[in-house]
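J.: Each chain, written out:
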Amino acid sequence: MSAKTLMRGTHVLGEAAIRSGCRAYFGYPITPQNELPEYMSSAFAKMPDAVFVQAESELASINMVIGASCTGARVMTSSSSPGVSLKQEGISYLAAMELPAVIVNMMRGGPGLGNIAPAQSDYFQATRGGGHGDYRVIVLAPAYGQEIADMTRQAFDLADKYRTPVMILGDGMMGQMMEPVIFPDPVDVNALPAKDWALTGAKDRPSRIIRSLWLDPPKEEELNWRLVRKYEVITEDITDQEIYLCDDAEIVIVAYGTAARIAKGAVHRVRSQGVKAGLYRPKTLWPFPSHELAAMSKDLHHILVFEMSAGQMVEDVRLSVEGRCPVSFYGRPGGVVSTPEEIAGVLNSLGANVVKKSA
Amino acid sequence: MKKIFSRPKSLKDVPFHYCPGCGHSVIHRLVCEVIDELGIQDNCIGVPPAGCAVLAYNYFDVDMCEAPHGRAAAVATGIKRMLPDRVVFTYQGDGDIAAIGTAETIHAANRGERVTSIFVNNAVYGMTGGQMAPTTLPGQVTTTSPGGRSPLRDGNPLDLSAMLALAAGSVYIERTTVANPKGVNRTKKAIRKAFQVQMEDKGFSLVEILSPCPTNWKMTPTASIHWVEETMSKIFPIQVIKDVA
Numbered sequence: 001m002s003a004k005t006l007m008r009g010t011h012v013l014g015e016a017a018i019r020s021g022c023r024a025y026f027g028y029p030i031t032p033q034n035e036l037p038e039y040m041s042s043a044f045a046k047m048p049d050a051v052f053v054q055a056e057s058e059l060a061s062i063n064m065v066i067g068a069s070c071t072g073a074r075v076m077t078s079s080s081s082p083g084v085s086l087k088q089e090g091i092s093y094l095a096a097m098e099l100p101a102v103i104v105n106m107m108r109g110g111p112g113l114g115n116i117a118p119a120q121s122d123y124f125q126a127t128r129g130g131g132h133g134d135y136r137v138i139v140l141a142p143a144y145g146q147e148i149a150d151m152t153r154q155a156f157d158l159a160d161k162y163r164t165p166v167m168i169l170g171d172g173m174m175g176q177m178m179e180p181v182i183f184p185d186p187v188d189v190n191a192l193p194a195k196d197w198a199l200t201g202a203k204d205r206p207s208r209i210i211r212s213l214w215l216d217p218p219k220e221e222e223l224n225w226r227l228v229r230k231y232e233v234i235t236e237d238i239t240d241q242e243i244y245l246c247d248d249a250e251i252v253i254v255a256y257g258t259a260a261r262i263a264k265g266a267v268h269r270v271r272s273q274g275v276k277a278g279l280y281r282p283k284t285l286w287p288f289p290s291h292e293l294a295a296m297s298k299d300l301h302h303i304l305v306f307e308m309s310a311g312q313m314v315e316d317v318r319l320s321v322e323g324r325c326p327v328s329f330y331g332r333p334g335g336v337v338s339t340p341e342e343i344a345g346v347l348n349s350l351g352a353n354v355v356k357k358s359a
Numbered sequence: 360m361k362k363i364f365s366r367p368k369s370l371k372d373v374p375f376h377y378c379p380g381c382g383h384s385v386i387h388r389l390v391c392e393v394i395d396e397l398g399i400q401d402n403c404i405g406v407p408p409a410g411c412a413v414l415a416y417n418y419f420d421v422d423m424c425e426a427p428h429g430r431a432a433a434v435a436t437g438i439k440r441m442l443p444d445r446v447v448f449t450y451q452g453d454g455d456i457a458a459i460g461t462a463e464t465i466h467a468a469n470r471g472e473r474v475t476s477i478f479v480n481n482a483v484y485g486m487t488g489g490q491m492a493p494t495t496l497p498g499q500v501t502t503t504s505p506g507g508r509s510p511l512r513d514g515n516p517l518d519l520s521a522m523l524a525l526a527a528g529s530v531y532i533e534r535t536t537v538a539n540p541k542g543v544n545r546t547k548k549a550i551r552k553a554f555q556v557q558m559e560d561k562g563f564s565l566v567e568i569l570s571p572c573p574t575n576w577k578m579t580p581t582a583s584i585h586w587v588e589e590t591m592s593k594i595f596p597i598q599v600i601k602d603v604a
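Top to bottom, those sequences are chains H and Z. Quick note: the first sequence uses my numbering, first residue 1, plus one each step. Quick note: the second sequence uses my numbering, first residue 360, plus one each step.
Hints are computed from structural coordinates only; laboratory data are not their basis. Accuracy of the hints is not assured; some may be wrong.
Stated by the list, open to error - In silico DSSO-like pairs for lysine-lysine, Cα to Cα no more than 30 Å straight-line: (1) Z:K362 with H:K195; (2) Z:K601 with H:K203; (3) Z:K593 with H:K203.
Unchecked claim - Restraint ranges, calculated between C-beta atoms of paired labels, are given here: (4) Z:V603 with H:V228: 19 to 25 Å; (5) H:R229 with Z:P443: 25 to 31 Å; (6) Z:K371 with H:D237: 37 to 43 Å; (7) H:M47 with Z:K362: 36 to 42 Å; (8) Z:A582 with H:V228: 47 to 53 Å; (9) Z:C378 with H:E221: 45 to 51 Å; (10) H:V228 with Z:G488: 47 to 53 Å; (11) Z:P374 with H:M47: 44 to 50 Å; (12) Z:C378 with H:R229: 47 to 53 Å; (13) Z:G488 with H:E292: 51 to 57 Å; (14) Z:P443 with H:G112: 38 to 44 Å; (15) Z:P443 with H:E292: 46 to 52 Å; (16) Z:A527 with H:D49: 55 to 61 Å.
What the hints assert, rightly or not - Covered, in the sense of this in silico footprint (three residues per stretch, anywhere, with C-beta under 8 Å from a C-beta of chain H), are these stretches of chain Z: (17) 437-450; (18) 521-527; (19) 571-581.
Remember, it's a predicted structure, so these values are computed and weren't measured experimentally. Note that the Cβ used here is the ideal one computed from N, Cα and C, for glycine as well.
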């Protein structure tokens, strides 16, 4: 473990990646995450076995990720919303070729060029695959500086374990904010499990092929079902959430990442005013932690979903709750960040309705 | 009896799927002969394209990673940067390298990536059925230029190799053909040199090979060979385009 250090989110992510054995970074500048490639370039300059390339485009950078991942290296790229759209081609190929990689999206306002303010409007893109074809990407949603460090380690481990791309979904605020963090000890890169599929030159073994083309439909179908089975195992193994003050709650707010921190502030405020509110914070967005939410929903008066978007995760909440309790949505898209007071106001108005209904 | 000709060791013993008269089979063989002669079969990683040669990994008995359409130079960059002592090559058609992959190729060349590109130019999109390519000749009839390529409307053929020669990081670029025996010999020498330039850590190397496509040109294999020699090579002259190795 490291000493406790005060660092901004992007730097935490970079340091955690290096301590997780990441030895290759490929990227293209875009605000608000430039401090991450800058951190990687400075750190890797002092590490002779590590590779930093500033690519000519997001397309090139994700395809360099494919190349580096083929060789068995732990590799990462990062960007923000418009840049992650451009990377989707390569992410689909990574999924099809069953190659591990870590992709960071520090989301900003969209659609289009949008703006550079923090937002959560890429939830659909992140959790539904994002590119073409039947595939999913593991999506981890940190909310705190310490969680950025821990989830970055987890992201590299999961990517290798399941041979699949993993996305860390943050936002512009999380990337900029400085928080205290303690890093786990660095992994010994040479002690990581060997990758018996990697391309290293066919020395003393048959040649290997890493591909995504299966012209024969039954073979392509076989790949798809293999991916589905893998995704079922992942769903079983890794779904995770924080359940906060929900034991006696009548209203639960569901939020992730930065929005969840705002929501937590709102929960504290309304509890002091007598509203029994709690927070359900998904830490994995795909797979979505449905089970616990479904279980608690039958005892709830109301679920409020709060996102820094026009309403995306709310669909997964409704799919989980299946009508067991009313689900409403409050969101601020376009890079607007709500205050805890604002969300407390929404919870209070719902709380008043709940009281009215029970009376 | 002395055996004087056999299949290269790094070429798998399977029938080619390529059309009769297509240049890919010959070029595959030449690349494999060079791999054998340089003794790099177990130290070599290839990157096939999207296009007719997408199935190149069925023939090359070396480690291979398929690239998304046009992105071979970026994939090769990722591989080579991680494993600088391996010999890394891309194998791409003209649509792949000179249209959708132009940016990746130019920047890989400009960075001086120590990779070698085998660029097979047949002036059409072959696998998709003979559409107009960036390299299609003025007046050439394709399925998407039914009245012939009109330079005013469709632009002129793109000379990617000449563009790459301007990049500071490119070291050796030669255009050859496999339309005749002399050209085949010259192509092999060029491929060998391109690999050697990479192995000497000098920079980016590329061999552009004019290659017949009888199926999509709607010509006999013999007429296709003549078309390469008499028409295509007027626009794309057979020559060393850059050699600062």
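J.: Given the hint of 36 to 42 Å, is the C-beta distance from M47 of chain H to K362 of chain Z inside that range or not?
T.: violated (51 Å)
J.: Given a hint of 19 to 25 Å, does the C-beta separation of V603 of chain Z and V228 of chain H actually sit inside it?
T.: violated (52 Å)
J.: Taking the CB of V228 of chain H and the CB of G488 of chain Z, does the distance hold inside 47 to 53 Å?
T.: violated (33 Å)
J.: With the threshold set at 30 Å, check whether the alpha-carbon distance from K593 of chain Z to K203 of chain H stays at or below it.
T.: violated (43 Å)
J.: Within 44 to 50 Å: is that where the Cβ-Cβ distance between P374 of chain Z and M47 of chain H falls?
T.: holds (47 Å)
J.: Go check the region 437-450 of chain Z versus chain H for me, would you? Three or more residues, Cβ under 8 Å, otherwise it fails.
T.: Coverage by chain H holds here, the residue count being 7 at a Cβ distance below 8 Å.
J.: Tell me if the beta carbons of C378 of chain Z and E221 of chain H are separated by a distance inside 45 to 51 Å.
T.: violated (28 Å)
J.: Please verify whether K362 of chain Z and K195 of chain H have alpha carbons no more than 30 Å apart.
T.: violated (40 Å)
J.: Quick check: the region 571-581 of chain Z, covered by chain H? Criterion 3+ residues, Cβ under 8 Å.
T.: Check failed, 0 qualifying residues.
J.: Need the status of pair K601 of chain Z, K203 of chain H: alpha-carbon distance at most 30 Å?
T.: violated (33 Å)
J.: Taking 51 to 57 Å as the hint, is the beta-carbon distance of G488 of chain Z and E292 of chain H inside that range?
T.: Holds, since G488 of chain Z and E292 of chain H (Cβ atoms, about 53 Å apart) stay within the stated range.
J.: Is 25 to 31 Å a correct range for the gap between the Cβ atoms of R229 of chain H and P443 of chain Z?
T.: violated (37 Å)
Of the hints listed earlier, those the structure fails to meet are numbers 1, 2, 3, 4, 5, 7, 9, 10, 12, 16, 18 and 19, in rising order.
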